[in-house]
Amino acid sequence: MKHLLKATAPLLLCATLPATAASIYTEGHGDIGVGLEGGALHLHLHLKGSAVVDGTALGGTGAEFEPGDIAIAVPTSSILSADFPALGAMLGDTAWILGVDEVPGVPYLGFSTDELVAADWAGNITFTLSNVTSPSGSGHFAVWQPDGVGGIDILMSTAVSGATGLSLMPEVHGHSFIGFTAPGEWLIEITASGTHNTLGNLSSTETFVFQVVPEPSAALLVGLGGIGAALRRRRR
Amino acid sequence: MRPLLVALGLQALAAASPPTDLIYGHHEIHVDYQSSPSDPDAGWSFSVSYDTDNDFTTNSGIVRLDPADTVFVASPATEKTVPNPPGFLSRFGPAGSKYWLLPFSPQLGTPYLGVRTTVPPGIFRQRVGDNYSPSPTGTISLRLISVEGPGAEAGGVFAAWRSDAMGAPIFAFDSSDGIGTGDEIPTIQVSSHTHYNWGFNRPGLYRVTLEAFGRLNSNNAFTSGRATLLFSIPFSSRLGDGDQLRLWATSQNGGPPVPTAAVADPQAAVFYDSQQTIWEVTRAATSAAAGLPGALWETNGTIARSGSAFSSGVGVDPQAVAAGLPDPSWSGVTWQLSDVEGPGHLAVLGSGGGLLASSHDGLNGQDAFSVPSTPLDIVFAFTSPGLYRARFRAAGTMNGQATLGPERILVFGVNLAGGFTYSQWADSFERSGGLPVGALADRDGDADRDGLPNATEFAFFFQGLSPVRPDRALMPRPRPTPEGYAAVEFLRDTWIDPLDETGWEIRPAASPDLQVWQIRSSRVSGEPLDVFETGAGPGNAHGRVVQRQLRVMPAPKDRHFFRFHVTPKP
Numbered sequence: 001m002k003h004l005l006k007a008t009a010p011l012l013l014c015a016t017l018p019a020t021a022a023s024i025y026t027e028g029h030g031d032i033g034v035g036l037e038g039g040a041l042h043l044h045l046h047l048k049g050s051a052v053v054d055g056t057a058l059g060g061t062g063a064e065f066e067p068g069d070i071a072i073a074v075p076t077s078s079i080l081s082a083d084f085p086a087l088g089a090m091l092g093d094t095a096w097i098l099g100v101d102e103v104p105g106v107p108y109l110g111f112s113t114d115e116l117v118a119a120d121w122a123g124n125i126t127f128t129l130s131n132v133t134s135p136s137g138s139g140h141f142a143v144w145q146p147d148g149v150g151g152i153d154i155l156m157s158t159a160v161s162g163a164t165g166l167s168l169m170p171e172v173h174g175h176s177f178i179g180f181t182a183p184g185e186w187l188i189e190i191t192a193s194g195t196h197n198t199l200g201n202l203s204s205t206e207t208f209v210f211q212v213v214p215e216p217s218a219a220l221l222v223g224l225g226g227i228g229a230a231l232r233r234r235r236r
Numbered sequence: 001m002r003p004l005l006v007a008l009g010l011q012a013l014a015a016a017s018p019p020t021d022l023i024y025g026h027h028e029i030h031v032d033y034q035s036s037p038s039d040p041d042a043g044w045s046f047s048v049s050y051d052t053d054n055d056f057t058t059n060s061g062i063v064r065l066d067p068a069d070t071v072f073v074a075s076p077a078t079e080k081t082v083p084n085p086p087g088f089l090s091r092f093g094p095a096g097s098k099y100w101l102l103p104f105s106p107q108l109g110t111p112y113l114g115v116r117t118t119v120p121p122g123i124f125r126q127r128v129g130d131n132y133s134p135s136p137t138g139t140i141s142l143r144l145i146s147v148e149g150p151g152a153e154a155g156g157v158f159a160a161w162r163s164d165a166m167g168a169p170i171f172a173f174d175s176s177d178g179i180g181t182g183d184e185i186p187t188i189q190v191s192s193h194t195h196y197n198w199g200f201n202r203p204g205l206y207r208v209t210l211e212a213f214g215r216l217n218s219n220n221a222f223t224s225g226r227a228t229l230l231f232s233i234p235f236s237s238r239l240g241d242g243d244q245l246r247l248w249a250t251s252q253n254g255g256p257p258v259p260t261a262a263v264a265d266p267q268a269a270v271f272y273d274s275q276q277t278i279w280e281v282t283r284a285a286t287s288a289a290a291g292l293p294g295a296l297w298e299t300n301g302t303i304a305r306s307g308s309a310f311s312s313g314v315g316v317d318p319q320a321v322a323a324g325l326p327d328p329s330w331s332g333v334t335w336q337l338s339d340v341e342g343p344g345h346l347a348v349l350g351s352g353g354g355l356l357a358s359s360h361d362g363l364n365g366q367d368a369f370s371v372p373s374t375p376l377d378i379v380f381a382f383t384s385p386g387l388y389r390a391r392f393r394a395a396g397t398m399n400g401q402a403t404l405g406p407e408r409i410l411v412f413g414v415n416l417a418g419g420f421t422y423s424q425w426a427d428s429f430e431r432s433g434g435l436p437v438g439a440l441a442d443r444d445g446d447a448d449r450d451g452l453p454n455a456t457e458f459a460f461f462f463q464g465l466s467p468v469r470p471d472r473a474l475m476p477r478p479r480p481t482p483e484g485y486a487a488v489e490f491l492r493d494t495w496i497d498p499l500d501e502t503g504w505e506i507r508p509a510a511s512p513d514l515q516v517w518q519i520r521s522s523r524v525s526g527e528p529l530d531v532f533e534t535g536a537g538p539g540n541a542h543g544r545v546v547q548r549q550l551r552v553m554p555a556p557k558d559r560h561f562f563r564f565h566v567t568p569k570p
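Protein chains in written order, with the working numbering: chain E, 1 to 236; chain U, 1 to 570.
The hints are simulated quantities; they were obtained by calculation from the structure and are not laboratory data.
Since we're looking at a predicted model, the values are computed, not measured.
There could be a bad hint or two in this list.
[Claimed, not checked] Residues from chain E shown here face chain U by an in silico Cβ test under 7 Å; the list is partial:
| id | residue |
| --- | --- |
| 1 | I97 |
| 2 | A119 |
| 3 | M169 |
| 4 | G174 |
We put the CB at the ideal spot given by N, CA and C, even for glycine.
Construct the entire structure; sequences and hints are all you get.
Below you can see the structure in the form of structure tokens.
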């Protein structure tokens with residue numbers, strides 16, 4: 001279900017509305033999801049009731065958004081404690097990362113095939129990276145998951161080759177780290193594909209908008225006090 | 001390959017809440033709290049839950065199972081090896097040792113287990129470190145109290161962890177260094193859902209007791225509640241030199257006790273139903289096997305009427321097996337070899353090389369021997385490599401009453417191991433049945449013309465099937481469960497089908513009308529209180545050959561039909 005909101009809520013202080021999207025998702029649970037509609041695969045953003053859009057929680061069972069209609073805020077940055085090849089980054093570089101734990105004030109964004117019926121599909125649904133437009137033309141984007149045994153599996157990356165894509169069974173959802181190396185508006189084109197038992201190979205490609213929030217200036221930090229400090233997290 | 005229809009019809013019976021094994025699928029350790037001002041501790045409740053609408057941000061669609069009757073079973077895909085260098089996995093053992101990992105992300109054929117809370121906002125204070133402050137939402141905490149059970153008694157470690165963005169572990173619970181104040185998840189948002197990696201390093205049942213706690217917004221009072229969650233790490237189902245036939249008393253249909261035999265692996269401290277094991281024979285015959293003409297392979301073990309008590313039983317009640325057949329209640333106990341099925345001959349010899357029982361000169365009443373009250377060393381000898389089934393019965397006199405036990409099967413793999421291939425199975429049975437080489441190569445063929453394709457005979461080997469003997473009657477048959485649900489029980493060989501689509505697939509299916517079939521698998525698992533594959537049979541432990549059932553809820557059903565889809569590995 002499409003849901004268009006007027007931007008009547010107060011603007012998020014440390015994130016501007018994106019140039020390409022009418023609304024911004026800043027907190028709560030949402031998924032880059034895929035459903036089957038009219039015999040076609042439909043990649044979209046599925047936000048749950050806890051998701052905050054333009055300053056207001058959606059409530060109820062949430063809503064679906066076309067990827068171009070809403071931006072996903074990435075409000076927190078970290079200083080990397082080690083070189084991180086998946087993002088083409090080095091120790092001490094700044095990265096903006098959406099994590100795999102639910103944290104107040106941050107989108108809790110996953111990938112979902114919950115809307116599909118497992119019995120209708122042969123194998124998994126694969127999400128792969130098709131194209132990335134970064135704010136500055138440089139910088140890197142990646143999606144990765146810890147492997148649980150001390151390393152990571154790189155699922156999407158503009159910095160390294162050999163990313164595997166994210167493979168999900170139908171009827172599940174999972175969370176991965178999503179990272180950026182520069183602030184600004186990022187356009188991330190993702191393709192979801194799978195083999196339907198009767199409809200054959202299906203795919204959907206959509207561009208998702210991420211608004212990576214710049215680190216506040218010193219003057220703004222003084223004005224915002226604790227809020228500014230909460231938006232900037234340094235790894236010790 | 002056409003699915004095999006195995007049964008017709010089942011009478012309606014009453015419904016009940018059943019025990020449930022979870023060997024794959026998405027479930028949660030679920031903590032609920034309801035306001036209980038007069039007794040805050042009474043407000044806590046734990047369950048194992050799943051969500052029928054897959055929306056973990058609402059309270060609709062949640063189905064709760066009793067944790068006391070729900071067991072998380074480590075599937076084959078969860079079995080791992082500690083790498084070299086071990087890193088943080090050294091808590092599970094040195095490089096090369098086994099551990100089992102239930103993963104943080106959804107993976108086919110593994111349990112995908114999280115922690116979920118359903119707590120109304122505003123009941124609890126917000127915890128930051130050791131400080132609590134009033135909050136419109138609030139947080140609770142979860143800590144590890146104890147890890148008990150046969151798995152822990154065997155030295156098993158239990159740990160649960162998340163990972164940071166670099167992949168480094170953030171431990172929630174870790175029993176490897178003892179259990180203390182650090183074994184906690186300090187801050188869980190009310191109404192949240194988080195997944196963890198869950199690790200174990202010894203087979204057996206683990207009873208993990210957790211405590212949820214928090215401070216009430218109203219008066220800062222501390223309140224807590226506890227529950228025990230059950231995890232089962234499978235034993236190997238593989239026997240070998242030094243293992244044991246252990247005689248014990250069972251009761252059939254409520255009748256008087258009769259003698260029977262289980263098998264025991266003293267090193268792993270586990271009893272098994274012999275039909276859920278394979279005794280692997282890897283040694284060339286020595287002079288100990290000379291009593292069997294043409295002996296080429298041998299394995300040694302013991303047969304006993306009593307011995308060490310083990311805490312774990314796969315397909316058997318370990319306490320009942322441990323009770324054995326003691327003097328003076330039991331006397332005149334004998335073990336008789338009644339049938340041997342295999343590509344050669346099988347003999348049982350005593351420690352002095354004397355022949356106790358053998359198929360080489362025909363099996364008759366002479367192929368029985370006394371089992372004394374002290375363990376008897378024995379050697380099993382074989383003339384050819386391949387798969388053997390030794391059918392046997394125990395007999396004895398109990399309190400003056402002569403009894404004869406049920407026929408049981410002991411499975412041997414001579415120069416074969418658990419996880420033998422179709423080709424190895426076919427070669428063995430071609431020789432057993434005197435068939436030409438390649439006669440069983442066609443998986444769709446039916447050499448014994450019993451209506452079961454060769455692929456089905458292979459997939460249900462541990463059910464007792466043979467492709468060279470008409471035995472359709474040995475296929476699983478549906479029956480009502482003790483709680484009254486329609487079900488079909490079967491022995492699942494998780495070497496053949498490790499449940500992650502890397503091997504063969506054996507998928508049970510149910511239908512009310514022979515038209516609409518609900519097929520169940522690790523990919524289409526269904527829901528525990530609907531049509532669902534779960535555990536079955538006695539015992540408190542699991543092996544690689546595991547008793548399962550496709551259970552249909554709710555009850556009653558006027559009739560129900562079952563079949564199996566067997567898909568060979570490409």
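These are the hints, each one checked on the structure:
1. I97: holds (6 Å)
2. A119: Cβ of E/A119 sits 5 Å from chain U, so the hint holds.
3. M169: holds (6 Å)
4. G174: holds (5 Å)
Consistency with the previously given hints is maintained throughout, with no hint failing.
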